[in-house]
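These protein sequences, in sequence, are chains S and W. Take the first sequence: its letter number 203 is residue 203 in the numbering used here, and every next letter is one higher. Quick note, the numbering used here runs 1000 ahead of the 1-based positions in the second sequence.
Any given hint could be a false lead.
[As the list claims (entries may be wrong)] Listed below are the simulated SDA-like cross-link pairs for lysine to any residue, each with C-alpha atoms no more than 20 Å apart in a straight line:
1) K1422/W to A1323/W
2) K1422/W to L1274/W
3) K1422/W to L307/S
4) K56/S to L1274/W
5) K32/S to G170/S
6) K56/S to W1546/W
7) K56/S to S1553/W
[To be verified] A few chain S residues that face chain W, going by a derived Cβ cut-off under 8 Å, partial list only:
8) Q45
9) Y47
10) G221
11) T309
12) L310
No lab work stands behind these hints: they were computed from the structure. Note that CB positions come from ideal geometry on N, CA and C, so glycine has one too.
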Amino acid sequence: MAIALDAAVQLVQLALVLALAPLLTGLVRRLKAHMLRRQGPPLAQPYRDLLRLLRKEVVLAHSASWLFRVIPYLVFATTWVAAALVPTFAVGLVFSNAADMIAIVALLGSARFLLALAGLDVGTSFGGIGSSREMMIASLAEPAMLMVVFTLSLLAGSTQLSSIAASMQGSDVGLRVSLALALVGLVMVAIAENARIPVDNPATHLELTMVHEAMILEYSGRHLALIEAASHLKLLLYVSVIVCLFFPWGIAVSGQGLAAYLAGLAVYVLKLAAGGFLLAVFETAIAKMRVFRVPDFLGAALMLGFLATLLLFVSRVT
Amino acid sequence: MALEVLLWCAAALLGTGVAAVAAARHRIASTSVYGVALGATVIAVLAAAWSLLVQHGPAGVRLPLGLPWLGAHFRLDALTAFSLLVVNLGGAAASLYALGYGRHEESPGRVLPFYPAFLAGMNLVVLADDAFTFLFSWEFMSLVSWALVMAHHRRSGNAAAGYIYLLMASLGTLALLLAFGLLAGAGGGYAFEAMRHTTPSAGVGGAVLALALIGAGSKAGIVPLHVWLPLAHPAAPSHVSALMSGVMTKVAVYGFVRIVFDLLGPPQWWWGALVTLVGGVTAVMGVLYALMQHDLKRLLAYHTVENIGIIFIGLGLALAFQANQLQAAAALALTAALFHVFNHSLFKSLLFFGAGAVLTATGERDMERLGGLIHRMPLTAFAFLVGSAAISALPPLNGFVSEWLTFQAILLSPALPQWLLKFLVPAIGALLALSAALAAACFVKAFGVTFLGRPRTPVARDAVETDRWSLAAMFALAALCLAAGIVPGQFLDALAPVTQALVGAHMPLQEERAWLTIVPIAESRSSYSGLLLFTIIALAAWITTWVIHRWASAATRRAPPWDCGFPDPSPLTQYTAGSFSQPIRRVFGSVVFRARETVELPPPGDARPARFAVRLRDVPWDLLYVPVARAVNFAADHLDKVQFMTIRAYLTLVFGALVVLLAVLAAWQ
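All chains should be modelled from the sequences, with the hints used to inform the complete structure.
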């Protein structure tokens, strides 16, 4: 019975992240437009974009290989699974012991590895520049992320997301300097990983500063739809991770009944909206930085994560 | 029983080597040598696996060879069985590969006799149970592999590579000789059994650790003793490169584990700190070096340095835990290190095989002259892709599992009481994370520039797929990478007797877990299920594909690339290996390699081409090796004078020496 319930929660979660991800992107775009005194696209625009792309034909470069055609499916599936493994509205997912926090970070790494290969596949200079810069950014963002994971795992005594969420809800954690450092570090990593301002600009094309968009420049039609959906999912995943790790209040625990699940769902949607709002404010308030300032930005995130871990090692009395 | 089989296998390999001297020119020599080597290594794999999984408990034998008062001791325990499994699995794969690859060899007489002898040497090092046999086999292994490095000695750079290799191998053997001398003590018990029963004092123990780190570490390739490795490994024929990088470095790791964990007695905590630090520095330096390369085989060789670093991080953590009586944590760290030994031997051999296939097809090792090979060599490209993903520690492949276990061991280390370790271990965690991320960048570059894009030269455009034997070897290894990634529990359980014998504990047995989840300590703490992850990703991908093909447009049109409206037909406008690593060179290289980029742009109207130059400095080489070489030259120059003296001066020298010796003798009593 418990297993069946967990499986049901897991299935709902799989569908939920897929359904909500474009909405979050649409919300951020709309809020940003409002702050810039523009009308902005409707909330449902990302869904329409995806549907339109799915209906269009694929234009493949002559030099594209089989790998180029397979990668969108793999990237989408990997990101989707990673997003579905983060507890959103309820803990106790049936697959939660398949992958811990480190494995989720590594899954995103797999998706990025494949996407960077796709950037190199056609053999154009834009694809190469995107892949090369993406891997440079990842080489700093991934260790920073892992240091944040270390901090939280040391506090909770576990690398499982649901255990960390449960332990953060408990009263014995309290406010710690490490937690604050880890939160700032995680937010910085999330901004870099989702190609947001100030690291990259999700709204730009045809600029030498672009990273993510340059990498996927040769994609079109259903392939592009899958990659766009994967990046929506990735944004949702990072907001969910921040919410689940640092603000887990209101998350439903397994076996609490339907009302608790519905309440958890409502709270989660509210938290997502708040996260989207903060992202929009941040992006409007700050300017894009040069590519070679990004290592300083991410180096700071890495140092924050490292300090947070070090403080825990030093302050722990055993 | 298994021990006798293994010794017979080694003897058969040695005999094949001797027979090959006479028959190297024969038409079927290549096929028969590699065929016999394949047979012997497969039998040895089976015997080692049987011993590890079924037999348990050590077996020993003493043969009347070598020193008359000592004899040659051989022993088969869990660690030996595991290492033999790694050695012979790599050997079998390389022999299978060489059945096809070896036909292209232009000078078989320089390869065929040494190849089986090299395999036999590695087997004997692992089986040896006394210092004399160990050192003899070690030196035999070094010399035979030196001969293989020198197989194509007329190619530029190979002679220098062989010379540096020979020097470093001698240094390593000297360090090991001294280490065994200290372990044997004044009593001279050179059998390992005697060494196990004596515990050296703290100072002697520390000295033995340092010597073992130099001796085994120089063979394994720890920074700064790695300099020979990226020169020598690529110089050999590709199947031998795979053996040297994938297997011989593991024999060196075996030597270190045997001396430090088995013979030396209880460790001290600072040993762990030293080994972990060396491992962390090695991991990051190795991958940064690899990123700067554009020679495919040299890139792979440098990347071996990184993986050796990861293994030494695990070994160092195990020592630190062991010194503080945290047996369960020590078992986890040691299991992580040994599993990485196994994994690395699989994917590094696979990648070298791929590089060899590319070399055969195009005659090129320089990535800047390749590209687009995925169209011409799709199967090799697929196998190389699996290897690249595995070595970049991407789930659900095997490299991720061993790095994940190492991370789990790091997360247990707040329990260590020493302050130095408390500061050191989080930094090592950051270094490990950094090296994992950089490894992914490195292999995006290696695979992307070599196999993807458009061919940069005619040879790359006209490449043909490699032969079936080579493909069989590559696909067998790729399948093993996937198997060890999705059902790692089976492999971890096999390591239980090894860690039980070395640190007195083992990881919880994984056999009866649901969904084949692996659990390092306890379920609530952390768990990972490669099989489940693989299944749900495959399912998700399948559902996506089905939905897309059912509902979305299926129209596909081929067209010239878009490239923002300005596609350039010349393949030279693609990103190259150098340009791919430029951002990373700029971020890390300016510190680590003192990288300096100079751009020479002629003024408008001047017809000279613009020039771009990068200068990298190899800091360990400049700071360590150049001064040593300079000192040796200086001493040689000045000692030269001794050679051209008059007879009177010589007689005076002899007399002076006699007086000094007599004075020393007098003072002694």
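Each hint tested on the structure:
Restraint check: the Cα-Cα separation between K1422/W and A1323/W comes to about 15 Å, which is no more than 20 Å; the hinted pair holds. Of the supplied pair hints, the one linking K1422/W and L1274/W holds, its CA atoms being roughly 13 Å apart against a limit of 20 Å. Taking the CA atoms of K1422/W and L307/S, the gap is near 12 Å; set against the 20 Å cutoff, the hint holds. For the hint linking K56/S to L1274/W, the alpha-carbon distance of about 60 Å lies beyond 20 Å, and the restraint is violated.
A distance of roughly 36 Å separates the Cα atoms of K32/S and G170/S; the hinted pair therefore is violated under the 20 Å criterion. Using a Cα cut-off of 20 Å, the hinted pair K56/S and W1546/W holds, with the two alpha carbons roughly 17 Å apart. Between the alpha carbons of K56/S and S1553/W the distance comes to roughly 6 Å, so the proposed pair stays at or under 20 Å and holds. Annotation: Q45/S was flagged as interfacial toward chain W, and the flag is violated, the nearest CB pair being 19 Å apart, outside 8 Å.
The beta carbon of Y47/S comes no nearer than 14 Å to any beta carbon in chain W, farther than 8 Å, and the hint placing it at the interface is violated. For G221/S, the interface hint holds, the least distance from its beta-carbon to any beta-carbon of chain W being 7 Å, beneath 8 Å. The interface hint given for T309/S holds, since its Cβ lies 4 Å from the closest Cβ of chain W, which is under the 8 Å cut-off. A distance limit of 8 Å between C-beta atoms decides the matter here; for L310/S the minimum to chain W is near 5 Å, and the interface restraint holds.
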